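A.B. asks: One letter stands for each residue in the lines below.
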Amino acid sequence: MDTTADLLKTPLHSLHLELGARMAGFAGYDMPIQYPMGVMKEHLHTRAEAGLFDVSHMGQILIRAKSGDVRDAALALESLTPVDVADLKPGRQRYGLFTNAAGGLEDDFMVANRGDHLYLVVNAACKHDDLARLEAALSETCEIEARFDRGLIALQGPEAESVLLAYASEAEDMVFMDVAEFDIAGVPAVVSRSGYTGEDGYEISLPAEETDRIARLLLTDDRLAPIGLGARDSLRLEAGLCLYGHDIDETTTPVEANLTWAIQKVRRKGGARAGGFPGADVILGQFETGAPRRRVGLQPTGKAPVRAGAALFEAETGGESIGTVTSGGFGPSANAPVAMGYVPSGLSATGTRIYADVRGKRLEMAVTALPFVPSTYKR
Amino acid sequence: MLKFTEDHEWLKIEGDVATVGITEYAAEQLGDLVFVELPEIGAKLEKGGEASTVESVKAASDVYCPLAGEVVEVNQAIVDDPSLVNSDPAGAGWFFKLKLDDAASAGALMDEAAYKSMIG
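If you read the sequences in order, they're chains X and Y. The letter at position 10 of the first sequence is residue 10 when you use my numbering, and the numbering goes up by one with no holes. The letter at position 89 of the second sequence is residue 1089 when you use my numbering, and the numbering goes up by one with no holes.
Note that these hints are calculated values from the structure, not bench results. Among these hints, one or two may not hold up.
To be verified - According to the in silico footprint, chain X covers these stretches of chain Y (three or more CB under 8 Å from chain X):
#, stretch
1, 1033-1046
2, 1052-1060
As the list claims (entries may be wrong) - Only pairs whose alpha carbons sit at most 27 Å apart, straight line, appear in this in silico BS3-like list of lysine-lysine:
#, chain 1, residue 1, chain 2, residue 2
3, Y, 1097, Y, 1047
4, Y, 1097, X, 303
5, Y, 1097, X, 361
6, Y, 1012, Y, 1097
7, X, 303, Y, 1044
8, Y, 1116, Y, 1012
9, X, 361, Y, 1012
10, Y, 1047, X, 361
11, Y, 1116, Y, 1099
12, Y, 1097, Y, 1116
Only a predicted model underlies this, so the values are computations on that prediction, with no experimental measurement involved. Where is the CB? At the ideal position from N, CA and C, for every residue including glycine.
One chain only, chain Y, in its complex shape (with noise of 0.2 Å):
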């Protein structure tokens, strides 16, 4: 299941557990980032923390936690290599895995045509 948030984040839901990352829009409005700042594995957060931090040339901007639930898994390859996540927002790109507090709560989120109209 491939849901959307209007902070331009994708979750991938499998079982409990969501693959989240920013969209290709997202991606495309940030710029070319040079430095991904992610959580620590075994954070809890809150939906609508803080989650990560990504740094373009000319700016920082916060990714927000979508949903509540505990980080269980990194990607250190954006990291290393923050170009990654402009290249393949969506698969390579991806920034963290979180199992959610309550896998039911990913059901109010934008289904992917809910998001392309927003985008519009």
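Next up, chain X with everything else stripped away, as it sits in the complex (with noise of 0.2 Å):
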């Protein structure tokens, strides 16, 4: 077993063993990738009830202006992301991109104004890069400081505002995409609402040495389950929200990848800070012409399930492959399955049939509008 010697470990991985995990490792870490459970129940609990998520492993990420003035920090952060970082107001936190020059995507993450800093979460297996990329753009006018040592959990479901409730009265009044400080059973979180579930619910920043004891505390609530990565990915799959390094990649823009909606008119053409991010011409021109290819969701009409990887083509027999799946699976919730990938943009209208090649046969996939399951955020 010298291959999970090598693995880093959260502040949850003993109680992770302790509650029966099938671990595995992600991104550098051993993680659950499901419980006693099972993947299936568990995203069925997480849409009826709530779940318990270790997200340790993503990388949380300070950035603090010299001057003092988060804004400076902000505008120092727009060189590398096109959304508006500017305008987020103390409290707020929004989804953002680091673009590359071609007009790629290096990376996804959340940024948070909190008053005197902004906060970021990013991928686990980019935070590295991410860090690197912050410090050799924003160290002179910024301190960036990675909290890669705090633990992060994510409660998801209906419950979730219930559950935390009884140990923080604060949780009730926050929004989605809120961010406050406040404690948790004694303990100082950094509490957002938000998550990668498409439910309402929370994802909670806490000191390492605390994050253990605040999960078991929490978990005493029957209502909650711990939930493996396994039905994390089925989950945000159903809410049609991108995994990095699948959905999008260094070589898909936000035009191709339909995230047009995370770049605010302010960073557009004719906006008071547009372009200014690697690849700005790229991207931006493609919001006047078009990309050639977009993301969809992507809906077999039988019951296989079509994964990520399976070539799509636009008739049931020969012709050259037109796209990709990018991720694809059985949605529980959905009862079917569920998929999303790019095709040409003059095949992307909801309704458009083609084909995905699974073990040499064609299976008939319909162009169907994201989510599959529809999102219960707190607005």
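These two chains come separately, so use the hints to put the complex back together.
C.D. replies: Put into structure tokens, the structure is as follows:
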């Protein structure tokens, strides 16, 4: 078992083992893929009641302007991302993208205005590159502080609010994408009302040494079940959310990825702070000319799941591949196979029939609107 | 006669026909199945060839043919309701029946005690 010995452990590692999790390496960490409940029931439990997810492997990074003004940190960050950070109000969070010179995506992240600094949560597999990217571009004007040591747990599902309220009344007044700092059972926590499942819920940043105690305390509520990365993936796929490295990567632009909503008008052509991020010419150009391909939802007509990597074709026989499935599997709440992938823009209209190669057979799929399961964020 | 393979299949052999399924251990490892694809009746399968595909929420896995033979019957019930494989892998969750090319070839497979010792 030399391979697992090299894997990093989150603050909840021993809890996962105690709970009987099936563990596997993910982004360098030994992570729970599923618990004895199993992926299917974990998924359904999250949508019916609530789930606790260990996402401590993700990277938490703080950015402080040397001037002391958070707006200066925001403007500096805007040199790496096409999103409007400077107008983000204190106590609010939004979705962000790191772009490259070709207009592709280096990572996606959450950024919050914490009043006197910015707080970022980036993908586990990208966090060291992201840190280097931020230090290279921002270190003249900002202090960059990696907090990869901290714990991060997500509470997701319709009962998440009620579970957390037992320990922190502040959780009630928050709406989707609010961020606040308050104590949970005496432990100072940075809490956002957000997640990666399409459900209402929270992501809770905690000191490493208190993460295990808080997770165990929360789990004393029978409505809350521990949920592994398996169900996390099926939940986010049903919610139509991108997985970096699969649905978006260094070759996909935000326009191709159907993430134009993440680029506010102030950063687009004609906006007060238009451009000024890597690949701006390509990305802003695609707002006008359109992109050659689009990320779309794909609903298989039959019962067979169509998985990531399946080649897409325009017809049932012959022809060259027109695209690829980037995420796919069975959606327990949709009670059907669900997928996402890239198709030529001319074939991206909802209802368009295309075909995926699965074990040598071409299976029909319909381009469909995302998400597969409606989101229940508290607005 | 009940026999087992290293790929976690069981074979119930009656005369020269083997009923084939996956073991409880395999079903548990795979997790809740959501899709099963079975071979066609009349298909001639080689030992170790792909006989069937099972899919859980997370992944697709192949079920290999444990011995050479011809598929004479398949269990449509598990296609209609793949959860039968999880709830009753040794019974109602059987996959297909194989008319063995060489009924004696089953003798080389593991018996139940050997299989149990293999999975620990």
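A.B. asks: Are there hints from earlier that the structure breaks, and if so, what are their numbers?
C.D. replies: 9
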